[in-house]
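Residues in the sequence shown are numbered consecutively from 1, following our numbering.
Estimated spans, in silico, between C-beta atoms of each pair:
#, residue 1, residue 2, range
1, His156, His37, 31 to 37 Å
2, Cys31, Ser97, 26 to 32 Å
3, Arg23, Ser92, 41 to 47 Å
4, Glu5, Pro67, 23 to 29 Å
5, Arg168, Pro18, 35 to 41 Å
Note that these hints are calculated values from the structure, not bench results.
For every residue, glycine included, the Cβ atom is placed at its ideal position computed from N, Cα and C.
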Amino acid sequence: MIFRELALIGAFTIAPEPARDARGFFARIFCEQEFTHHGLETSFPQSSISYNVHRHTLRGMHFQAPPAAETKLVRCTAGAVYDVIVDLREGSPTRHSWAAVELSAENRLTLYVPEGFAHGFQTLTDGAEVAYDISRPYAPDLARGLRFDDPALAIHWPEAPQRIVSERDRCWPLIGA
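Generate coordinates for the entire structure from the input sequences, incorporating the hints supplied.
Here's what the structure looks like:
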C-alpha cells in the first residue's frame with residue numbers, strides 16, 4: 001500500500017499496490033501493521049455504504065461530535081466521486097482548510113479521514129457507490145454538519161447544472177454561525 005499524506009495533517013490517500021498476473025490482480029486495501037506504522041487508527045467496527053442514483057448528488061459536510069468523533073476509511077466502489085474533507089480540529093494549523101480527492105472504482109484509492117474532520121462528496125457519475133469503514137458506531141444525537149457552500153470554507157465543487165442536495169445538508173450552519 002502506498003500512503004500519501006494530504007496537505008491537511010493526518011489525512012492520507014492510500015493506494016493499493018497490485019500483484020498482477022494473467023487473471024488480474026490481488027491487492028491489500030487495509031493492513032493493521034502498516035496503519036500502525038503510520039500512526040493511524042486500526043479499529044473499524046462499523047461499515048456502511050452510500051449508493052447514489054444520479055450524477056451531481058452532493059452529500060455533506062458531515063461529522064460526529066465528541067465523544068463519538070469518527071475516523072473513516074472512504075472508498076468509491078462503483079463510479080466516481082469528488083471527495084472533500086475539512087479540518088475542524090481546535091489548534092490545528094490547517095483548521096477550516098479543505099482538501100479534495102477524486103475517488104473512483106477505477107483508481108481504487110482509499111481516503112483516510114481522521115477524527116475531527118467533516119466529510120462530504122459530490123458524485124461524478126450515475127450509480128456511484130461509496131463504502132465507509134468507521135471507527136465508532138453511529139450516534140444520531142451527535143451527528144453534525146457544515147454547509148457545503150459555506151463562503152468561509154470556499155470549497156471548489158465540480159460544476160453541476162442541477163446539484164442534488166438533501167434539505168438537511170442545505171440547512172447545516174455556517175462555520176461562523
